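Chemist: One-letter residues, chain by chain:
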Amino acid sequence: MSAALEVSGLVKRFGGLVATNDLSFSLQEGESLGLIGPNGAGKTTVLSQIMGELRQDSGTIELFGQEISALSTSRRIQAGVSRTYQIPRPFGDMNVAENIRVGLMPDDIWKLIVSPPDAERERELALSVGLAESDLLRTPSELAMGDLRKLEMARTMATAPRVMLLDEVFAGLTAGEVAQISELIQSMRKDGMTFLIVSHDLPALEPLIDRAIAIERGIMIAEGAFSEVMNDKSVQASYLGSV
Amino acid sequence: MELRWFHVVLWGGLIAGMFLLPQVVSNGTLRTLIFANYLAVFAISWDVLSGRTGYVSFGHPFLIGIGAYTTAILTKRFDVPVEVSIPLAVLFTMVAGLLVLLPALRIRGSYFALVTLAFMELLYQLVQVIRPDLTGGTRGMSGIQTLTRGAANGYYLSTALMLCIALSMWLLMKTRLGTALAAVGMNEESVRGSGLSTTRLKAFAFLTSAFIAGLGGAFYVHYLGSLAPRAMFDINFLFTIIVSALLGGTSTIVGPMIGAFFMTCLLEYLRPVLPGAERYFVYGAIALILYMYQPKGLVKLVQLTSKA
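In the order they appear, the protein sequences are chains A and B. If you count the first sequence from 1, position 71 lands on 71 in our numbering, and the numbers rise without skipping. If you count the second sequence from 1, position 25 lands on 1025 in our numbering, and the numbers rise without skipping.
Just chain A, same shape as in the assembly (with noise of 0.2 Å):
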């Protein structure tokens, strides 16, 4: 059986700067996996090229046996990959249901046309990640930044997604928001949502992922489950600066 996500020799270059460098690695359907490392290691960069918001130098990347680097980001979300971003990026002038509303809109100028919005799908998907039915109508503006990734996570999971990419999504929450928000990722899981999750909040994240990568300057220096890679002496120094 083919993997849910493949990523073999994956390598992009900023001129001199090599941001990903022949990076490899596989994600089962229904599993959780981490991608960890410090500040600057590449881990955003990994997650745009999957997205094809950034093209890779050499490389491949297969979702669901199917080889996905030339296809648009639009497509690949066809596919059924998606992603949330580090910094939250909801459409302002709208309010929460008109955001969700974009996230499941069919890619077809006269569908768009035709066929009226699915107000109560909005609905369920504005619950389902913990919003407030009184937050529907509240444009971004009004919303706390743990409300913001819930409606990410909403517009995310309107896309009907196979496999999702979280990026830091823990920033900037409180404790009582990493809860939510983790308990959301719970039960996402067992519904058998496929994760590739991004984050510097390492207790958070532990629970959430059944094992993890550790990258540093666009090389994987350490895999397996999560102690293991946490104990690992190259992932200690890339963390603590010293060898």
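It is possible that part of the hints are untrue.
[Said to hold, decoys possible] Which chain B residues stay away from chain A? Per the calculated CB distances, all over 12 Å, these:
| no. | residue |
| --- | --- |
| 1 | 1009 |
| 2 | 1153 |
| 3 | 1272 |
| 4 | 1273 |
[Unchecked claim] Which bits of chain B does chain A cover? Going by a derived footprint, with three or more residues having C-beta under 8 Å, they are:
| no. | region |
| --- | --- |
| 5 | 1175 to 1183 |
| 6 | 1187 to 1198 |
No lab work stands behind these hints, which were simulated from the structure alone. Bear in mind the structure is a predicted one, so any value in this text is a computation, not a measurement. Using N, Cα and C, we set each Cβ at its ideal position, and we do this for glycine too.
Take the given structure of chain A and dock chain B to it, following the hints.
Modeler: The following block gives chain B in isolation, referenced to the frame of chain A:
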């Protein structure tokens, strides 16, 4: 699409009111309102593209000019009937819109505005030097077939055109497509990240905008009966279109309509007091004050006032 009873009442009232207007106003006022109707068409065309998607076009007279010149040349030089020349003019304008679209796929912001401005200037220069026997060169063209006679008929035709375009665009923008186009203006990357092809959405906005500009340009030239390149590609004409849309409220369709009527009446009724270009200082000052107070335009101001 969510249509409420007051939408029907407001649109019904507007349509009835506009068609009854010739009964109560003078021919002079009707001629002013005819220009307001065409300005509203051009402002709506600008709004569909720039107001919605955030791709600010500084070259809309380029599209309007293609529509106007195409039908003028076809009818005057080749005796093509207007029933054929106007659809052809719209088609040519849409093809021209595609030309503008190509750079737009790669650039945005001030660079896009400059590229569109360059297209306008390019056409201005071209119509003066390339085949002046067809375009009329620097003097333009006169004696172009008109579609109506008299102010009242011209008013009815321009009103019907403007209301058809405004109502159909308003209905279109009430659909999820309108939401998607507005989303492109707010955050194009997030639209892509929601699985939508922004190229396709932008192409739709460009072509729709070009369709309206071409149609408006063609009808406008058949109302005027003449075509002067200096007036068509005048920077004041361009800014009157943009300021109408901004003043009324972008991304609303109704806003550019209101803005166009406000601008036309303002400029016209200031004429006896300020006959020269200094009138434009007055509308500049009004626009500035409005932006400082309510950047979302007159429509938002009316909404807030009615809620209060």
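Chemist: Determine for every hint whether it applies to the structure shown.
Modeler: Quick rundown of the hints versus the structure:
The Cβ of residue 1009 of chain B sits about 22 Å from the closest Cβ of chain A, beyond the 12 Å cut-off, so the non-interface label holds. Distance to chain A confirms residue 1153 of chain B as a non-interface residue, since its nearest Cβ pair spans about 34 Å, more than 12 Å. Taking the minimum C-beta to C-beta distance to chain A, about 41 Å, the non-interface status of residue 1272 of chain B holds against the 12 Å cut. The beta carbon of residue 1273 of chain B sits about 38 Å from the closest Cβ of chain A, which is more than 12 Å, so the claim that it is off the interface holds.
Requiring three or more residues with a Cβ within less than 8 Å of a Cβ of chain A, the coverage given for the region 1175 to 1183 of chain B holds, as 7 such residues are present. Counting residues of the region 1187 to 1198 of chain B whose CB lies closer than 8 Å to any CB of chain A gives 11, so the stated coverage by that chain holds, three being the minimum.
Checked against the numbered hints above, the structure violates none of them.
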